[in-house]
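Student: Residues per chain, in single letters:
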Amino acid sequence: MKSSIEIVEPAVNLQLALEHGLTEEEYEKILDILGRVPTYTELGIYSVMWSEHCSYKNSIAVLKTLPRIGGKLLVEAGEENAGLVDIGDNLAVAFKIESHNHPSAVEPYQGAATGVGGIMRDVFTMGARPVACLNSLRFGDISDARVQYLFKNVVRGIGDYGNSFGVPTVGGEVYFERCYRDNPLVNAMAVGVVKHGEVARAVAAGVGNPVLIVGSATGRDGIHGATFASEEISNRSEAKRPSVQVGDPFTEKLLLEATLEAIKTGYVVGIQDMGAAGLTCSSAEMSARGTVGMDLHLDGIPIRELEMSSYEIMLSESQERMLVIAQHEHEQKVINIFKKWDLPAVVIGHVKDGPLVSVYHNGELKAEVPAPSLVLGEGAPVYIREEREPQYLKRIRSFNPGSLSAPKNYGKILRELLSRPNIGSKRWVYEQYDSMVRTNSVSVAGGDAAVIRIKGTRKAISLSTDCNSRYVYLNPRRGAQIAVAESARNVVCTGASPVGITNCLNFGNPYDPEVYWQFREAVAGIGDACRVLGTPVTGGNVSFYNESPEHAVFPTPVIGMVGLIEDAQLVMTIPFKRSGDVIILIGINKGEIGGSEYLMTRVGDVLGDAPELDLVREKAVDDLCLQLIRQGLIASAHDVSEGGIGVCLAECCISAENGTGAYINESVFSGMRKDFWLFGESQSMVVVSCRKSVAARIEEMAGRANVPLQILGRTTDDGLITIEGSLRESVDELTNAYEKAMTAVMGESASSGLFSSTNTT
Amino acid sequence: MPKLKFGIIVFPGSNCDHDAHYAAGTIMGQDARFIWHKDSSLGDVDVVIIPGGFSYGDYLRCGAIARFSPIMKDVVRFAGMGGTVLGICNGFQILTEAGLLPGTLLRNASLKFVCKDVFLKVENSDTRFTGACKAGGVLRIPIAHGDGNYFADAETRARLEENGHIVFRYCSPGGEITAEANPNGSQGNIAGIVNEAGNVLGMMPHPERACDPILGNTDGQRIFKSVMGSFVIQEVVHNLS
Numbered sequence: 001m002k003s004s005i006e007i008v009e010p011a012v013n014l015q016l017a018l019e020h021g022l023t024e025e026e027y028e029k030i031l032d033i034l035g036r037v038p039t040y041t042e043l044g045i046y047s048v049m050w051s052e053h054c055s056y057k058n059s060i061a062v063l064k065t066l067p068r069i070g071g072k073l074l075v076e077a078g079e080e081n082a083g084l085v086d087i088g089d090n091l092a093v094a095f096k097i098e099s100h101n102h103p104s105a106v107e108p109y110q111g112a113a114t115g116v117g118g119i120m121r122d123v124f125t126m127g128a129r130p131v132a133c134l135n136s137l138r139f140g141d142i143s144d145a146r147v148q149y150l151f152k153n154v155v156r157g158i159g160d161y162g163n164s165f166g167v168p169t170v171g172g173e174v175y176f177e178r179c180y181r182d183n184p185l186v187n188a189m190a191v192g193v194v195k196h197g198e199v200a201r202a203v204a205a206g207v208g209n210p211v212l213i214v215g216s217a218t219g220r221d222g223i224h225g226a227t228f229a230s231e232e233i234s235n236r237s238e239a240k241r242p243s244v245q246v247g248d249p250f251t252e253k254l255l256l257e258a259t260l261e262a263i264k265t266g267y268v269v270g271i272q273d274m275g276a277a278g279l280t281c282s283s284a285e286m287s288a289r290g291t292v293g294m295d296l297h298l299d300g301i302p303i304r305e306l307e308m309s310s311y312e313i314m315l316s317e318s319q320e321r322m323l324v325i326a327q328h329e330h331e332q333k334v335i336n337i338f339k340k341w342d343l344p345a346v347v348i349g350h351v352k353d354g355p356l357v358s359v360y361h362n363g364e365l366k367a368e369v370p371a372p373s374l375v376l377g378e379g380a381p382v383y384i385r386e387e388r389e390p391q392y393l394k395r396i397r398s399f400n401p402g403s404l405s406a407p408k409n410y411g412k413i414l415r416e417l418l419s420r421p422n423i424g425s426k427r428w429v430y431e432q433y434d435s436m437v438r439t440n441s442v443s444v445a446g447g448d449a450a451v452i453r454i455k456g457t458r459k460a461i462s463l464s465t466d467c468n469s470r471y472v473y474l475n476p477r478r479g480a481q482i483a484v485a486e487s488a489r490n491v492v493c494t495g496a497s498p499v500g501i502t503n504c505l506n507f508g509n510p511y512d513p514e515v516y517w518q519f520r521e522a523v524a525g526i527g528d529a530c531r532v533l534g535t536p537v538t539g540g541n542v543s544f545y546n547e548s549p550e551h552a553v554f555p556t557p558v559i560g561m562v563g564l565i566e567d568a569q570l571v572m573t574i575p576f577k578r579s580g581d582v583i584i585l586i587g588i589n590k591g592e593i594g595g596s597e598y599l600m601t602r603v604g605d606v607l608g609d610a611p612e613l614d615l616v617r618e619k620a621v622d623d624l625c626l627q628l629i630r631q632g633l634i635a636s637a638h639d640v641s642e643g644g645i646g647v648c649l650a651e652c653c654i655s656a657e658n659g660t661g662a663y664i665n666e667s668v669f670s671g672m673r674k675d676f677w678l679f680g681e682s683q684s685m686v687v688v689s690c691r692k693s694v695a696a697r698i699e700e701m702a703g704r705a706n707v708p709l710q711i712l713g714r715t716t717d718d719g720l721i722t723i724e725g726s727l728r729e730s731v732d733e734l735t736n737a738y739e740k741a742m743t744a745v746m747g748e749s750a751s752s753g754l755f756s757s758t759n760t761t
Numbered sequence: 001m002p003k004l005k006f007g008i009i010v011f012p013g014s015n016c017d018h019d020a021h022y023a024a025g026t027i028m029g030q031d032a033r034f035i036w037h038k039d040s041s042l043g044d045v046d047v048v049i050i051p052g053g054f055s056y057g058d059y060l061r062c063g064a065i066a067r068f069s070p071i072m073k074d075v076v077r078f079a080g081m082g083g084t085v086l087g088i089c090n091g092f093q094i095l096t097e098a099g100l101l102p103g104t105l106l107r108n109a110s111l112k113f114v115c116k117d118v119f120l121k122v123e124n125s126d127t128r129f130t131g132a133c134k135a136g137g138v139l140r141i142p143i144a145h146g147d148g149n150y151f152a153d154a155e156t157r158a159r160l161e162e163n164g165h166i167v168f169r170y171c172s173p174g175g176e177i178t179a180e181a182n183p184n185g186s187q188g189n190i191a192g193i194v195n196e197a198g199n200v201l202g203m204m205p206h207p208e209r210a211c212d213p214i215l216g217n218t219d220g221q222r223i224f225k226s227v228m229g230s231f232v233i234q235e236v237v238h239n240l241s
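Residue numbers (the working numbering), protein chains in the order written: chain A, 1 to 761; chain B, 1 to 241.
Isolated chain B (complex conformation) (with noise of 0.2 Å):
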């Protein structure tokens, strides 16, 4: 199968871009370029992916003001078209700002940056980022943000439950949703959703720090593989039909 080429936005401000530059590229071993924020094309590319950092220095609100970049246009007529978007963090808030998943982030209830290890456990392995996880599974991620504490109203939330658009919650090392392995107040503790279609996904942990095994651990590569998988699928599809 041919390279697969993801695409890294990058705003004034992001700071993961490298990083997932790294992942994909060094580290996974596909084609991985930058698109330039003011740049109105993502131009030929399989995966957006929308990293994390602090665009226009997350003044105003988180992801309030990348959403406006010229090319944010183009990633939701990306998006629209079914195309796969990740956003990592600061990425997950732009994708809330710009209308492609729902809710919002809002600060952290302990008012204060946090950045360790966590454990999310895989609630739907059914999608195109999940798809070489373990149902039920647990993955070790980094977290490292100050305003991920994801919260919609009473309807979204439900319709996300009930469609199975909760991908990630924190959980403890040994896979339950407990209050104590919530690290930032978000509601149900969700770590990562996708949108109605599938193709979008927002999280807040980090897989791409999560993959050179000279840093120990590799568990976000998951994300990434699940990703190439889809692609095969897709390809296999396509043949046959």
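Just chain A, with the same shape it has in the complex (with noise of 0.2 Å):
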């Protein structure tokens, strides 16, 4: 031993293991791929490998039933770090969403703000320059002090880290609803651009290739990371906030550059991020992939901290880290560049034969492992669980919307709609992030998908995440179907065809059978919506243990969507561009308030059924309404999702800032209840807005396309959505209440006015 300071290592044994989060049987498996005891730093390895969030252990069976090819896919899902997908002119897109639920329900900030930081590098290690971010979030109520914390403190995180990153945060979703309040749900989506000729694999390669480490300095922080985020939620979480590694943006837009450098120099055989599980995960997943080992030499990487033995250094998750394969004999050109940025490279080891990854430290052999028995899809355990439908559906299916009594305004039902966090403006968050930053950004925050135009072509591409897990939680099959659908329409109502999805599969523990099946009947609805709107599936993230000490999440599978604007200059809105238009609703009202919203501000609960979905119909919708905005025949379009056609339409009016009120006749109706059909939130509808001159070919071309159209009414400049019988309420008014939703309770948005006097002298 040369280190000054002996580090005693504690007998690895079964309680050993135990404690490291392994069972009995996978103890037995290691023993049995070694043929003897493993080292300490073995049992490390292998613990954090074999966890769920490395291993998908409890998941991959599932997600193997997903598409995962087809259409502009350019590389299998899972295959390399991100997702890509080709968008013609010789480039392609490459996106990747990514939970970061567990270190941001202990440690806000820097939980959501390295969340950020990890997907961004997943995006560039394949050699994309990361275009735009994406969030998902979802607390627990609002008005709780705790929640409030959680929420300031992971936006703040997301921006600081994004601001200073450099790549615009041009979308996402905040939803509020009590099962998360001790576990919120913090996903993040990058998107990448990426030439053809340019993209880099993470994959070992070319025996006697250098192994080079880059980036920060390794430390101590988050070592763990990925099997405290195997675990629920508890008490004892708050003492794993050492777990939660600590960001650094600067130095991560300083490794975006370099590596980007780097790969243009074609010296670089592999580059994987080092993210969960860090340097073990990334030379057992780089080996596996290219059949290959690799010899590994710990003394030499930059620590940040004295004394740090062989397990600690491969377990550690500090950020701003990749391990990179270099072209023999070119590897000081590789180095130069990473100097030129101030970012330590140090050759760390090299490529060799066969499959084992050796790490010797101090000048010993302290681990010697074959890497495909680490890595999912080879070694690593696949377990089907044990599945069964849940209790608690029965109850929740047995409501009759009957039963519900029939309000006496509506107005005032469209204002409280307006005024909750999960529907009002999302200003206060937006406005805490860059969203313009690369110039790109030709329609972002507040539309029903975000637009980043992409330079050098006439294209533009249209992002937009998705989930409404009340439906999940009513219908796990049909409310996943129903997120891909809304994603879609979301897309489409910019003028994108959905080319791909990433997902981000957020459940509870999958060793409850209850919520086995949730996860397992969610996977097979994103299946099937895939299947039917050609998306395929590129890659994404699973995130089990969302839990507290009471109950499991909702079931949330958030999707990721990138969709294809061929001519930027089409791009579609929300605001009701004129007084005059007719106002158009695609799609059929089926007024069902399951799940929906205003039942919420009803009776307070999640009930009934998720909204029906008939996939074929939604795909048909889609494409009539692209059809409409290529042709350049609607001058608005808004896809109608929670509050129902009543939140819809007011938002038209509220986004057009110019005073565009609504008509709508009072034969929309039709004998239905007019709450139904005002906030029920049936799926695959949009409402649109065209001149006078061409409503009439619309409705042909909805005939032809078999899809059902109803003329609600028409757009007026009277300031006023009116529905005839039912309610007349000033659009200024409205948008008060719409503005209001958040800042009532987190206080003023970052740039109001009234801070404005503070030091002035």
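In case anyone wonders, no lab produced these hints; they're calculated from the structure. Note that this is a predicted model, so its numbers are computed, not measured. This list has only true hints and no planted wrong ones.
EDC-like mimics (lysine to aspartate or glutamate), calculated; alpha carbons at most 16 Å apart, straight line:
#1 A:Lys339 x B:Asp39
#2 B:Lys116 x A:Glu748
#3 B:Lys73 x B:Asp39
#4 A:Lys340 x A:Glu261
#5 A:Lys152 x A:Glu748
#6 B:Lys38 x A:Asp342
#7 A:Lys57 x A:Glu25
#8 A:Lys72 x A:Glu566
#9 A:Lys340 x B:Asp39
#10 A:Lys590 x A:Asp614
#11 A:Lys455 x A:Asp567
#12 A:Lys264 x A:Glu331
Computed list of chain B residues with no C-beta within reach of chain A, every gap over 12 Å:
#13 Gln30
#14 Val45
#15 Lys73
#16 Val76
#17 Met81
#18 Ser125
Positions of the beta carbon are idealized from the N, C-alpha and C atoms, including for glycine.
With the hints in hand, could you dock these two chains into one complex?
Tutor: Below you can see the structure in the form of structure tokens.
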């Protein structure tokens, strides 16, 4: 032992393995693989690689049922750091969504910040320059002080990291629901653009090629972060705060520039981000993909704390680091680029024949394990768990919508819905994010989807994240179908053809048969929808164990959708454009209130069944909308979602910001209960507006496409939303309610002039 | 007239460097080039842009470390010779740290980062950065900063006011200077100032983000056009003399 302080390693036995979160069966399997008792470092390596977070051991069998090839997909899901779809012009889009729920629950600022950092690295390790970031966030009831603390700091963490890093945060979603009180969901999606010839791969290859560690020095932060993410949140979780990594967006920015520059030289054979399970995971996965081995010498690794053991170095989740395989004899050129950006880049080993990853430290062999035995899809355990249809479904499905009394004042309900944080303006959030840097943001913040143009082409991409977890809770299969359908509809409403999805599957404990049933059903639903809508799954992330002592969170499969717009001049937006236009509903309103925000305001509970969804009809609605947009026939388009047609119409007027109102004919109800028609959340509906002269043509096109359509009324210049015989509300007042939804609780938005005189002299 | 040569300084952590390059080069059709912060010479440039971003992560204090980068010596020399220097956002912060502009930028009064379109009143259209703007006119330009709260001591501020060195103020869409229109708590709604000689401008808003028609706003082009126009005038003066 060369180090000055001797590090005493505990003896490895079953007890220690159990403390590492491994099962007895898994420990036996390790003994089998190695033919001996593992060293302490090896035990650490297996425990993180076989944790749920890295191995997907309880999900991979189900995930394999998803459509993971076809369409414009360039790499199969899971093959690389992120998904990749072709967008023509010799360009591809790399994108992925990932969760950082558990870290954010105990240390919201750093948890959220490093979530953004991690997903960005996944994208730029592929050689893609990140062009946009989105976030899908869920918290408990916003009136709860602890929820406000989590919410405020998660938003600040996302902002501080993304703003400094220089990638616009362009969209996403924020929901508040009691079930997320102790276990918020923080999912971040990153999107990048890469030229076809410049895609980097996460593969080790070429025996003798040097292995480099680049970026930040390695510290003790985040050790066993992956294991932490694989257990439930409890009162012990606070003690896991040291498992949360600390982010440094400045170093990540340098790493981005240096990495892209290095990849362009052509001397980078393979590169992988060090995220969960750090050096262990990157070295094992790269070796396994390339069917090679690696010798790693830990002594050369820049460390930020004294006397780190091999166990700690292998398991550290210090951020802003990469593992790079360079071409033999050209490594200096790669190193020089990182030096230019003031980043350490050190050769720590080389690629070798055979499957073994061998770890040396202080002149001793500390670990030697076959790489395939560690990674998912190969040696890592695969489980299919017991499942059972949840008990709660009987109770909630027995709800009879007819039992709800008819309201007296529809205008009051509309105002109330607009002032709910789940529906109202998210300005308080998005003004804290730089949504414009890189000057590609054609339409962001407040649209159905964010539109980012692609410089050097006529094209744009449209991005959306979506999941109404109430629907998934009520009906996991259909709810998940709806999540995909709505994300597709959202990009369609901007004029984009949906091309592919990434998903972030947030569920409870998979060892609970009811949770596992929800999971399997939801994945099946995603598969159903993706097959019909032609959007393959490019990859994503599973986050289990989202529970607090009382209950699991609602099953929340968040869908990140990418759509392609061939001509960025034809981007469609939500606001009504002028008075006198015809307002048309594309699709059919069934007045379903199950799981709706309206029902929540009335009974304070999530009840009933998810709205019906006919995927073939959905596709027809989407296709018709795209035709209308591309032929320049409509002036606005807005997807109907939470709050129903009532809220949808209000948003079309509010966003117009010029007093444009709407007049809706009484005939639209055709016998349906007015509150159900106005606030029900039926699927596959889009509200569009057009000039009078083309309305007949649109009707004819819908007829040919076999898509139902209803003329609702017309836009006005009286600043009022009038629903004949039901409500008459001033758009200004509705705007007021909408804008205050969040600030009423969280305080004024970032730019409010109310702060202005504090230091005027 | 030949193309102007815009040199855009790249510090570690600059993140609006590409945007400035795109605006000056691709949109305005000028010659744009990056200048690495470790270089000691600006080379042959007509205009220096110090772009927005988070140079050195804004660690310690915005702009405090960047001012020590090797290139800054030459920027100071260039400015001293009357060269045109435009500092945007973090660039403005760096210029105050480097002593090329008076005052400082404090944390926003809301203590939050803020990104949105704001309106700017052109208080002085007689500078080389605003010659193409209408005096008293209003521009819509986005901001994106956490530290844009302009502060100077009373004497400095009085001097700025008297000499017309306050170039832009945050205003309402109609051009009124109101507390509501002030997004960050800046004294006197100050959004941009020039130095005594009038050749160095610092502004928190991002004109380079408001140049490309596809993004729906081209008010930022006014600043670039003004700078380009000032060189035409210089050339005319030069030819006449």
